[in-house]
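S.K.: Chain by chain, the residues run as shown.
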Amino acid sequence: DGGITQSPKYLFRKEGQNVTLSCEQNLNHDAMYWYRQDPGQGLRLIYYSQIVNDFQKGDIAEGYSVSREKKESFPLTVTSAQKNPTAFYLCATSGTNSYEQYFGPGTRLTVT
Amino acid sequence: EDKVVQSPLSLVVHEGDTVTLNCSYEVTNFRSLLWYKQEKKAPTFLFMLTSSGIEKKSGRLSSILDKKELFSILNITATQTGDSAVYLCAVEAGTYKYIFGTGTRLKVLA
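Chains as they are written, first to last, in my numbering: chain A, 1 to 112; chain B, 113 to 222.
I should point out that these hints are in silico values taken from the structure, not numbers from a laboratory. Among the hints, erroneous ones may be present.
[Unchecked claim] In the SDA-like style, the derived pairs of lysine to any residue whose C-alpha atoms are separated by at most 25 Å in a straight line are: (1) B:K169 x A:K70; (2) B:K180 x A:E62; (3) B:K209 x A:I51; (4) B:K209 x A:G16; (5) B:K219 x B:E181; (6) A:K57 x B:N141; (7) B:K152 x A:I51; (8) B:K152 x A:G16; (9) A:K57 x B:K219; (10) B:K209 x A:G3; (11) B:K180 x A:K71; (12) B:K219 x A:R44; (13) B:K153 x A:N53; (14) B:K152 x A:S7; (15) A:K9 x B:I185; (16) B:K149 x A:E62; (17) A:K71 x B:E113; (18) B:K153 x A:T20; (19) B:K153 x A:Y102; (20) B:K209 x A:F12; (21) A:K9 x B:K149; (22) B:K152 x A:L27; (23) A:K71 x A:K14; (24) B:K168 x A:G95; (25) B:K149 x A:Q41; (26) B:K219 x A:N26.
[What the hints assert, rightly or not] Cβ pair distances, simulated, as ranges: (27) A:S73 x B:K153: 30 to 36 Å; (28) B:L121 x A:G63: 39 to 45 Å; (29) B:H126 x A:S80: 46 to 52 Å; (30) B:G128 x A:Q50: 16 to 22 Å; (31) B:T140 x A:D38: 24 to 30 Å; (32) A:T110 x B:G194: 39 to 45 Å; (33) B:A222 x A:N53: 39 to 45 Å.
Backbone N, C-alpha and C fix where the C-beta goes; we use that ideal spot for every residue, glycine too.
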């Protein structure tokens, strides 16, 4: 069953705690992305990675960190420096010869 | 600054109606325009458009791109309650760079 998995589906954390969101893919896609979606706003790019051991900041990278140690995995850490972390987080991938992005089911993070 | 604007922000129609969703863009390096449907979680791909004037069609959905006027429309004919969703427009504005609009929330009433 090919696709993108994100875990957990829902995550609750206290303010000041770091939290890591998982994204795994078995599509053999090189590029992976993390987006944040807030009500009434479009998807905003946090980080993307074109290849293993390389990643680039998106438009709203402050307070987030990522790693890309394996092609299949692109975890996102929401640090305590992120001022407003409560949001819906979507992971996506794209292949070399395709403009289309494939999205995971998302993780809804609530920080109180 | 690259931007994608969708209109209307939300729309309520009755089953059987036809709807037209709009997406306009201003980007310095246009590569493609994509439409997605987002029901509750993951956006699912609908269409990718790269050339002006060529309609893409899938069942009751169709879309067309105008690269001169910098916009695209998504048409849904004979709407059904299952069409209720947020429809997202995105423009690929460079390698690995996708700019998303805020989406149009469509609600179809039975």
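S.K.: Hint by hint, say whether it matches the structure.
M.R.: Hints, verified against the model:
| no. | hint | verdict |
| --- | --- | --- |
| 1 | B:K169 x A:K70 | violated (37 Å) |
| 2 | B:K180 x A:E62 | violated (36 Å) |
| 3 | B:K209 x A:I51 | holds (15 Å) |
| 4 | B:K209 x A:G16 | violated (31 Å) |
| 5 | B:K219 x B:E181 | violated (28 Å) |
| 6 | A:K57 x B:N141 | holds (19 Å) |
| 7 | B:K152 x A:I51 | violated (30 Å) |
| 8 | B:K152 x A:G16 | violated (29 Å) |
| 9 | A:K57 x B:K219 | violated (35 Å) |
| 10 | B:K209 x A:G3 | holds (21 Å) |
| 11 | B:K180 x A:K71 | violated (39 Å) |
| 12 | B:K219 x A:R44 | holds (24 Å) |
| 13 | B:K153 x A:N53 | violated (28 Å) |
| 14 | B:K152 x A:S7 | holds (16 Å) |
| 15 | A:K9 x B:I185 | violated (33 Å) |
| 16 | B:K149 x A:E62 | violated (29 Å) |
| 17 | A:K71 x B:E113 | violated (32 Å) |
| 18 | B:K153 x A:T20 | holds (19 Å) |
| 19 | B:K153 x A:Y102 | holds (12 Å) |
| 20 | B:K209 x A:F12 | violated (30 Å) |
| 21 | A:K9 x B:K149 | holds (20 Å) |
| 22 | B:K152 x A:L27 | holds (22 Å) |
| 23 | A:K71 x A:K14 | violated (31 Å) |
| 24 | B:K168 x A:G95 | holds (22 Å) |
| 25 | B:K149 x A:Q41 | holds (15 Å) |
| 26 | B:K219 x A:N26 | violated (34 Å) |
| 27 | A:S73 x B:K153: 30 to 36 Å | violated (20 Å) |
| 28 | B:L121 x A:G63: 39 to 45 Å | violated (28 Å) |
| 29 | B:H126 x A:S80: 46 to 52 Å | holds (48 Å) |
| 30 | B:G128 x A:Q50: 16 to 22 Å | violated (45 Å) |
| 31 | B:T140 x A:D38: 24 to 30 Å | holds (25 Å) |
| 32 | A:T110 x B:G194: 39 to 45 Å | violated (29 Å) |
| 33 | B:A222 x A:N53: 39 to 45 Å | violated (52 Å) |
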